[in-house]
Each structure stands twice: as structure tokens, then as C-alpha cells.
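Participant: Based on the hints, put chain L in the right spot on chain F.
Residue-level listing of the chains:
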Amino acid sequence: MRKRRHRKRPRSPGEVELNMAAMLDMAFQLLAFFILTFRPSPIESQISLRMPDKAATASAGQQEDPSTTAEPAGLQLTISVHATPEGEIAGVEVGPQTVAATQGPTELINNLRATLKEFLTNAEFEGIALQVANDLNYERMMQVLDVCSHQTLPNGETMTNISISQLPGG
Amino acid sequence: MSGSVHAGDRAEPNLTPILDMVFQLITFFMLVISFKATDFDKALVLPVVGSAAPADADATGEYLILNLRSGGKLFVQGKEEPNIEGFLNFEAQKLKKQLKPDSDQYVTVVIRADRSLRCEFLMRVINACKRSGLDRFDFMVLRGGQQQSG
Numbered sequence: 000m001r002k003r004r005h006r007k008r009p010r011s012p013g014e015v016e017l018n019m020a021a022m023l024d025m026a027f028q029l030l031a032f033f034i035l036t037f038r039p040s041p042i043e044s045q046i047s048l049r050m051p052d053k054a055a056t057a058s059a060g061q062q063e064d065p066s067t068t069a070e071p072a073g074l075q076l077t078i079s080v081h082a083t084p085e086g087e088i089a090g091v092e093v094g095p096q097t098v099a100a101t102q103g104p105t106e107l108i109n110n111l112r113a114t115l116k117e118f119l120t121n122a123e124f125e126g127i128a129l130q131v132a133n134d135l136n137y138e139r140m141m142q143v144l145d146v147c148s149h150q151t152l153p154n155g156e157t158m159t160n161i162s163i164s165q166l167p168g169g
Numbered sequence: 000m001s002g003s004v005h006a007g008d009r010a011e012p013n014l015t016p017i018l019d020m021v022f023q024l025i026t027f028f029m030l031v032i033s034f035k036a037t038d039f040d041k042a043l044v045l046p047v048v049g050s051a052a053p054a055d056a057d058a059t060g061e062y063l064i065l066n067l068r069s070g071g072k073l074f075v076q077g078k079e080e081p082n083i084e085g086f087l088n089f090e091a092q093k094l095k096k097q098l099k100p101d102s103d104q105y106v107t108v109v110i111r112a113d114r115s116l117r118c119e120f121l122m123r124v125i126n127a128c129k130r131s132g133l134d135r136f137d138f139m140v141l142r143g144g145q146q147q148s149g
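Line by line, the protein sequences are chains F and L.
Residue numbering for the first sequence follows numbering that gives the first Met the number 0, beginning at 0 and increasing consecutively.
Residue numbering for the second sequence follows numbering that gives the first Met the number 0, beginning at 0 and increasing consecutively.
Next up, chain F with everything else stripped away, as it sits in the complex:
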């Protein structure tokens, strides 16, 4: 049997042979690093509010441009949110009416939604003044705020005139 002889192909003087294995090693290490450290963050949403400082607006007097001051005007519906020492909602008052709930925060939020709708349909309120207790949990406050921001006024516009303040007496 005749042996085939493999001879190394003579390299032309200008030809350069790259060592791809080393580059591939490095690239895989980089890839492993990125895969291991990659943690996609959840997509955040937002509730946008404009809340001018009453004291600042009042002190500015008549020179304030009305287009730049969105000071809540007109009739305001006051919502008072009371809290337990643990930060849960202890009770909610919409104007003079207390929102009843016996089965926890979800029912309370649903009842609040219904009560608010009723109030805003039957009266000419133009904004909501939200008063929150000092102990209230931020998440609970945002749930109440979310309900408020999804209300519609009798003219069909979405409620944007919302102010937040501390409940008198904490």
C-alpha cells in the first residue's frame, strides 16, 4: 500500500495564522461572566402627580402665573386613611362616609372604588385631597392612590387633581 504523504503546505511569507482557540477561550469567559451576572430588572410603572406647595403658592400672591400653578381649585373630596400600628389600613373615610370592610384590604379597596365613583358621579368635585396616617404602609397608600387616579370626573376627564397630606393628628 502506498502511503500518502502529507506535507505541510508551505506558508507564503506574508500569511499570518491567527490562534483562534485563545480568542475563543477569552470570548467564552466573557460570555459566562455576562450570563452569570445578568439579572433582568422588572419593568417599573409610575403614578404621576403634580402637587404644588400651598404655602409657596399663597406667598407668591397675585403675580403667580395661573397656567403654571395647578393648585387644586374647586370642590375637593377629602379621603382620610387611618392605619393600624402595623401599617395596614384601619379605616377609610370618604367625605363624611366611612367605607365599610370586613374581609381585609382587598374588599376595602373595592368598596372604596365603588364609594368614590358614587361620590364623583353625584357631586361636582374637581379634585381629591388624600390624607394619610403617619403609620400607614407605603404600599397601602399607593393602592388607595391608584384607585383615586383611575376615577373619572362627570365631564369624562380622568382625575388628575390629587393632593397628598398627613392626616391631622397623625
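Quick caveat, the hints were computed from the structure, so don't treat them as lab data.
Some hints could be false.
Below are the SDA-like pairs computed for lysine to any residue, each with C-alpha atoms no more than 20 Å apart in a straight line [said to hold, decoys possible]: (1) Lys72(L) / Asn126(L); (2) Lys41(L) / Arg38(F); (3) Lys41(L) / Pro51(F); (4) Lys129(L) / Phe37(F).
Residues from chain F shown here face chain L by an in silico Cβ test under 7 Å; the list is partial [what the hints assert, rightly or not]: (5) Met19; (6) Leu30; (7) Gln45; (8) Ile46; (9) Leu48; (10) Met50; (11) Pro51; (12) Gln130; (13) Asp134; (14) Tyr137; (15) Met141.
Cβ coordinates follow ideal geometry from the N, Cα and C atoms, glycine included.
Facilitator: This is chain L only, laid out in the frame that chain F set:
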């Protein structure tokens, strides 16, 4: 017949396609890395709210991102700010100077607060912002169904 492998029989796989693919993956991961990560405090667990609007990417102006931890501490770009009122006043003046004159741009305070934060501290920060002339707020939340890890 010889069974041994000669040096001349060595296979030389073409590494170029695999290298191409690996570099494309690396490019992808480099692009999705958020270089603004320092603004967002990973220690926070945002509240989950049913139906908040997606974050508005078209809004113009300047942003002041405040991270409020559950213990009642303000963190900005990874650093705790103990003097809240002083810091907000300074930042408000600085950011307002960066707005284009005669434009409808404004400074928005982005509040990222922990879900278990007490409202007392939140109101302190909001009132300090108002006193500094900052009256636009974006409260960051997660939409219902999303859960934040860690």
C-alpha cells in the same frame, strides 16, 4: 496500514462561525446592561399596584431619583443623604439651572420607595421637595402580577 494518527491528519475545525456567535452574544449582554443601575437601589422592594401606567420615556426635563428605604433613609446614587432638606434644596437649584430657558421643561422627582416604608417619612420628603419648588412627582411601582426578586 497504519492506525496511528499522523500529525498531517489533524482536523482543523473552522472556529470563525462559533467565534462570531459568541461575540454577538457578548454584544447583546453588553447592550442590555443598565449603566444607570446606580440610580436604582436594588435593596428596595417596590409596591405592587394594579394598573399603573408604564413609565413615560418621552417626558422632557430633568429627573431627581430618590430611593427611600424602609427604615426611613434616603439614598441617592447609592449614597445615604442624612441631611434631606439641605440635599433636596441644593439639587433642586442645580437641576433647575440645567433646564432650557423659555421651554416647557420641568424637574420631576422620581420616588422609589420600599413597600413597607411608613408614610410619615414619605411625607417629610414630599414636603421638603415642595418647599424646594419641586412639585412634580412620579411614584414608581410594579404592575399587578409582577414580582421583584431580592
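Participant: Evaluate each hint against the coordinates.
Facilitator: Hints versus structure:
Restraint check for Lys72(L) and Asn126(L): satisfied, since their Cα atoms lie roughly 15 Å apart, inside the 20 Å limit. For the hint linking Lys41(L) to Arg38(F), the alpha-carbon distance of about 11 Å falls within 20 Å, and the restraint holds. The suggested pairing of Lys41(L) with Pro51(F) is violated, with an alpha-carbon distance near 30 Å, which exceeds 20 Å. Annotation: proposed proximity of Lys129(L) to Phe37(F) is violated, straight-line Cα distance about 38 Å (limit 20 Å).
This hint holds: Met19(F) has a C-beta 4 Å from the nearest C-beta of chain L, less than the 7 Å allowed. Using the Cβ-Cβ criterion of 7 Å, the hint placing Leu30(F) at the interface with chain L is satisfied: the shortest such distance is roughly 5 Å. Because the closest C-beta pair between Gln45(F) and chain L is about 4 Å apart, less than 7 Å, the hint holds. Interface hint at Ile46(F): satisfied, since its Cβ lies 5 Å from the closest Cβ of chain L, which is below the 7 Å cut-off.
The closest approach between the C-beta of Leu48(F) and any C-beta of chain L is roughly 5 Å, which is under the 7 Å cut-off, so the hint is satisfied. For the restraint placing Met50(F) at the interface with chain L, the shortest Cβ-Cβ distance is roughly 6 Å, inside the 7 Å limit, so the hint holds. Interface hint at Pro51(F): satisfied, since its Cβ lies 5 Å from the closest Cβ of chain L, which is below the 7 Å cut-off. Restraint check, Gln130(F) versus chain L: the minimum CB separation of about 10 Å is more than 7 Å; hint violated.
Hint on Asp134(F) holds. Least Cβ distance to chain L is approximately 6 Å, under the 7 Å limit. A hinted interface residue such as Tyr137(F) counts as satisfied when its beta carbon comes closer than 7 Å to some beta carbon of chain L; here the least separation is about 4 Å, so the hint holds. Because the beta carbon of Met141(F) sits about 5 Å from the nearest beta carbon in chain L, less than 7 Å, this interface hint is met.
In the structure shown, a violation is registered for the earlier hints numbered 3, 4 and 12, in ascending order.
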